[in-house]
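Novice: These are the residues of each chain, in order.
Protein chains: 2
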Amino acid sequence: MLDGGRFSGVFTPVITPFKRTLEVDTKRLIRQCSWLLQQHVGIALFGTNSEANSLSVEEKIDLLDELVAAGIQPSRLMPGTGHCALPDTVKLTRHAADLGCGGTLMLPPFYYKGVSDEGLYRSYAEIIERTGNDRLQIYLYHIPPVSQVGLSLQLIERLISAYPQTIAGIKDSSGDWENTKALLVAGWDNFRVFAGSEVFLLQTMRSGGAGCISATANINPAAIHALYRNWRSPEADSMHRQLVTLRETVQAFPMIPALKCIVAHFSHDPGWLRVRPPLIQLSDEQHKSLIDKLGALRFGLDDLA
Amino acid sequence: MLDGGRFSGVFTPVITPFKRTLEVDTKRLIRQCSWLLQQHVGIALFGTNSEANSLSVEEKIDLLDELVAAGIQPSRLMPGTGHCALPDTVKLTRHAADLGCGGTLMLPPFYYKGVSDEGLYRSYAEIIERTGNDRLQIYLYHIPPVSQVGLSLQLIERLISAYPQTIAGIKDSSGDWENTKALLVAGWDNFRVFAGSEVFLLQTMRSGGAGCISATANINPAAIHALYRNWRSPEADSMHRQLVTLRETVQAFPMIPALKCIVAHFSHDPGWLRVRPPLIQLSDEQHKSLIDKLGALRFGLDDLA
Chain A
3 MLDGGRFSGV
13 FTPVITPFKR
23 TLEVDTKRLI
33 RQCSWLLQQH
43 VGIALFGTNS
53 EANSLSVEEK
63 IDLLDELVAA
73 GIQPSRLMPG
83 TGHCALPDTV
93 KLTRHAADLG
103 CGGTLMLPPF
113 YYKGVSDEGL
123 YRSYAEIIER
133 TGNDRLQIYL
143 YHIPPVSQVG
153 LSLQLIERLI
163 SAYPQTIAGI
173 KDSSGDWENT
183 KALLVAGWDN
193 FRVFAGSEVF
203 LLQTMRSGGA
213 GCISATANIN
223 PAAIHALYRN
233 WRSPEADSMH
243 RQLVTLRETV
253 QAFPMIPALK
263 CIVAHFSHDP
273 GWLRVRPPLI
283 QLSDEQHKSL
293 IDKLGALRFG
303 LDDLA
Chain B
3 MLDGGRFSGV
13 FTPVITPFKR
23 TLEVDTKRLI
33 RQCSWLLQQH
43 VGIALFGTNS
53 EANSLSVEEK
63 IDLLDELVAA
73 GIQPSRLMPG
83 TGHCALPDTV
93 KLTRHAADLG
103 CGGTLMLPPF
113 YYKGVSDEGL
123 YRSYAEIIER
133 TGNDRLQIYL
143 YHIPPVSQVG
153 LSLQLIERLI
163 SAYPQTIAGI
173 KDSSGDWENT
183 KALLVAGWDN
193 FRVFAGSEVF
203 LLQTMRSGGA
213 GCISATANIN
223 PAAIHALYRN
233 WRSPEADSMH
243 RQLVTLRETV
253 QAFPMIPALK
263 CIVAHFSHDP
273 GWLRVRPPLI
283 QLSDEQHKSL
293 IDKLGALRFG
303 LDDLA
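Line by line, the protein sequences are chains A and B. Just add 2 to the spot in the first sequence (first one is 1) and you have this note's numbering. Just add 2 to the spot in the second sequence (first one is 1) and you have this note's numbering.
Nothing false has been slipped in among the hints.
All copies of an identical chain are treated as equivalent in the list; a pair is satisfied when it fits inside any one copy or across any two copies.
With a straight-line Cα cutoff of 25 Å, these simulated SDA-like cross-link-like pairs (lysine to any residue) come out:
id, residue 1, residue 2
1, Lys-295, Asp-271
2, Lys-115, Gly-177
3, Lys-21, Arg-132
4, Lys-115, Pro-146
5, Lys-21, Pro-272
6, Lys-115, Val-148
7, Lys-290, Glu-120
8, Lys-115, Gln-150
9, Lys-115, Leu-24
10, Lys-21, Asp-119
11, Lys-115, Ser-58
12, Lys-115, Glu-287
13, Lys-115, Trp-179
14, Lys-29, Asp-305
15, Lys-21, Glu-131
16, Lys-295, Ala-225
17, Lys-115, Gly-152
Derived by calculation from the structure, the hints in this document are not laboratory data.
Work out the full structure, taking the sequences as your base and the hints as a guide.
Specialist: The following block contains the structure:
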């Protein structure tokens, strides 16, 4: 999944299991990461759907260390490291880079709204300078529906010009294909454009993109990877339609608790249901409805531990 | 400013000075807090306009300790302690409560959008239970234009019912007088409603409110406190109009850099101009324009150190 020093393929913001105390359940997480890697899906640890923004920097540093200690190759990790506060982002980014993570996925600071491109540029520039690791590979994280702070084409171009060895790509979770297309046709050298989900994976690949980073790859990794691998095949459009149908079924529910519900169901492990506030798990009715709808699609996950 | 164990009066989210390295300049901050307290304005340390969301939890803990060590009474401090991640909020809130801070101003977790009242209730409940300090006094922070996660009347009422000794009040920065009015007429026992600025201070006082927490009290503390003190006087409306004119003048510029520009100008100390990214300081033209406009209003701050 690393080629030319940069990522391609399918990644997932792996969901984060919690103990009864709401501490991270590291063992369950390691097992899940190993399973995903066996399905050829890379680990975008600490993504939006990982509830990363409900974890402290210290928890994330400990988790990274424990995953690597458990034998997960850092070259297959793309942890999210962007926080509101500059020192937090620098601390976690430096740790990830020093561990040898293949890249980091980086939100802009997202509390202050209506900030300027100049301010966002200085933010990323300070992070890069202060991290001080030549091997650092940053994948920008554009998710205006959640962060409310987006990354313009002009800002991205300026960052690439200033830091061509470091600004490696982007995850576009705008949900706006025109934006993804503009990133793809910009033609920046070795810049990797990831769709924010499998919904735009096929279009992204046909336009020279690198793959996708998708929440639903937590539960549908093999099929999404199959489309990535076979995007040139005559069956690609039909494979794509199936993926979209499944995603739409899941998306009809709050995404993070729905993903946890599915993993809990197919692994017969209700511990997976737990979320940290401000999220709440699905109600019993939602739970049943989701599982019934997946049944109607003949969706299953036999190999889940 | 503490009566019946709870706050009233005028508070300001004191702006945070930075050194060239962008580290917090503790000495400048202590001087500024002392000056504000002399003007009878309480210290809502780590508010939105303090660039609090650009500071790490560790920086905030150190600052609290240093302010108290410098002789600032913790009973006059209302630090912001709400973060996205539960462990961060608990850590800082516990520290503030253990130091004896008169109260904390608490944002809800603000990364995940569209969260339920149930999830927000559990968030505050977990924070209170985990902080485990009977003296903790929480002032809820409702600022949907920035946080994008608001606090409904139903949620507030449920929190007050469950934790009447702890949920002490609210800062309403919605900019929506109808919302503030609804909070005031709810009639919750000893619940302190603060306007988000002096714009609604007079209306708030006339409806039984506790005061205001205002960014512009950084630069106009004496006059805002005078209105608070004399809200029943025949001159109150005319005092109010003057305050609003000044605030509108400042608000025509990006608020945080504008406040820093004003303090830098009147204290002859350009070090105050510095902000952390993603914010940027005013341009030379904006700077000149702001100072000129204040001059036209005959605004001055002779006593600023």
